[in-house]
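Work out the full structure: start from the sequences and follow the hints.
One line per chain: the protein sequences are A and B, in this order.
The opening residue of the first sequence carries number 1 in the numbering used here; numbering runs sequentially from there.
The opening residue of the second sequence carries number 1001 in the numbering used here; numbering runs sequentially from there.
Incorrect hints may appear among the rest.
Covered, in the sense of this in silico footprint (three residues per stretch, anywhere, with C-beta under 8 Å from a C-beta of chain A), are these stretches of chain B [what the hints assert, rightly or not]:
no.: 1; segment: 1011-1024
no.: 2; segment: 1038-1048
no.: 3; segment: 1052-1059
The hints are simulated quantities; they were obtained by calculation from the structure and are not laboratory data.
Beta carbons: idealized from backbone N, C-alpha and C, even for Gly.
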Amino acid sequence: MNAALIAIILSALVALSLGVLARRGRDMGLEQWTVGNRGFGWVLVFLLLAGEIYTTFTFLGASGIAYGAGAPAYYIIAYGSLAYILAYFMLPPIWAYGKQHGLHSQPDFFVHKYNSRTLGALVSVVDLVALIPYLVLQLTGLGIIVEVAGYGAVSKEVAIWSGAAIVTAYVMVSGIRGSAWTAVVKDILILVIVLVLGIYLPVHLYGGIGDMFEKIDAAKPGFLVFAASGMSVWWFVSTVLLTALGFFMWPQQIVSTYTARNANVFRRNAIVLPIYQLILLFVFFVGFAAVLQVPGLKGADTNLALFKLVTAQFSPLTVGIIGAAGVFTALVPGSVIVMTAATVLSKNLIGLARPNATDDQTVVLAKWLVPVLMLIAVYFTINGSSTIVTLLLVGYSFVTQLFPTLVCSLMKRNPVTAVGAMAGIFTGVVVAAVLTFTHATVGSLIPGLPQAIQDINVGIIALVANVVVLVVVSAATRTQGASVAAE
Amino acid sequence: MTLIRILAVVPFIGIFIGPIVHNQVHPLILGMPFPLGWVTVWVVLISIIMAIIYAIDPANK
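See the structure below:
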C-alpha cells in the first residue's frame, strides 16, 4: 500500500467519522434531517452554498476544460459571481417563505406558491432527472481521483462502491448536518491545496503566471482568446447568463437555503462568495500549466490534466493529500445531492400516494431511499460514458427551466398560473433535452442568422420556449383559478 | 431602491464589455490574458458592489 493510498483512505475515514458524529445525540426528525432545524449560521450556510463551487467538477472538469478548450473555460469564473447577485435578492424571500410554511424541499416551494401538488410532482421529476446525473458526476470524479492519485492500487469500481457506502452511511445517520460538518474540512483542504498548486506549478514550470500564458500563446496562438465562431465571445456571454440563472435552481441549493437561521445570512454571503469563487482561477492555472507539460490528452482524458501534472511533479504522499482533497469534493456534494433527492422522492412523489403520511413516516422513508438512489447512481456511474462537463450541462439545462416560474412566484402579483407554470416547465425541459442530445446549435437550427446570434448558447432557445408557453397558457387559464399571490 | 437596482445591474453589463470589445491576449491583466483578467477584476468589483448594496439596503437595516 503506497503513501498516496493511505492518505486517501484516511480522508475517507475522516469524512465518515465527521459525518456520523455530526448527529451528536440529536433526534433526526424530518426538520432536523433535511434542514438542520433551520438553525445554521452564516459560516455553515456559506459552506453549503460554496459547496456547489468545489465539487469534483472543480478538480477535474474546470482544469480539464482549461486544458482542452482554453478561453471557453472563462465562463466558469464569471457565472457564479452573477448568480450571487441574484441570490442576494432571491434567497431571503425563499428562506422566509420556507420558514413560514415549514418547507423541506424545492418542490414544496412550488406546491405552496401555486397551490398545486401536480406542479410539485412535475418539479420533483425535473429535480430527480437533474440530480441523478449530478450524483453520477460526483461518483465518476471520485473513481478517477482515487484510481489516478492512488497510482492504480485501487480500481475505479472499488473507489465508487466505497464512496457510495460512506455517503450512504453518514447521510442516513446525520442528514444535512453531516454534510455541513464534512464541508468544513473539505473547504479548508481545497483552499490550501488549490492555492499552493495554482501558484507553485506556473512559477516552478514557467517562471510565473504571466510567463506561462505568454508561452502558451506562442505555442498555441488563439487558444487563450475566444474563437471567431462557435465558442465565440457571444457563446461566452449567453452561457454565463444562462448558467447564472440556473445556479440557484438546483434543488440542493434551495434546501441549503432553508437551513439558515435568518435572511441576513444570504446577504452577507453574497459579499464573500464571489471572491471565494476566485479560487477556481488557481484550478485553471493548473489546467493551463498542463497544456505544454502533458500534451496530447483528448476527449474525456482532459479531465485527467490536473492529476497527470501533479503525479509527474510531486511525491506519492503529496499526490495522496491532493487526492484526499479530491475525495472530499466528491463525498460532500454527493451527500447533499442524495439527501435532497431522497427527500423529494419521499415527500413530493411517493407522498402523492400517501397524503396523510406524518413527518416521521416521511423521513424514515427518505432515509431508506438514500441507499436505493445511491445504487442507481453507482449503476449509471459504472456503466456510463459521458464526460463530466456534458453530464453537468444536461442537469443544468433542466433545472434552469424552473427559473421563470420561481421568479414570478416572488412577485407581489404573480402573473403565472399553476397550469401555465407546468406547461412552461414541460416545454422547456423537452426542448432542452432534444437540443442537448441532438447536439443542435442555434446556427444549425437557423443557418441564415448573423454569426453572433448563431453562436448563442442553444439553452436560450429552451428558456425562451418555456417563457412563451408559460405566458400564453397563464393568460388562457387565469380566469380558471389564479395562483396564490406572493405572501 | 433605484440605486440598489442600478448597482445590481451594472455587473451584468460590465463583466462582458472587456471580452466583447477586446478579445486579445495582450495586454495581460494581473498576468492573465485580457478576457480572463477582465472577468477576474469584475468578480472582485462584484464583491465590493455587494458590500455597498448590503450597507445601504433598507431591508437589511
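Right, here's what the structure says about each hint:
no.	hint	result
1	1011-1024	holds (count 8)
2	1038-1048	holds (count 7)
3	1052-1059	holds (count 4)
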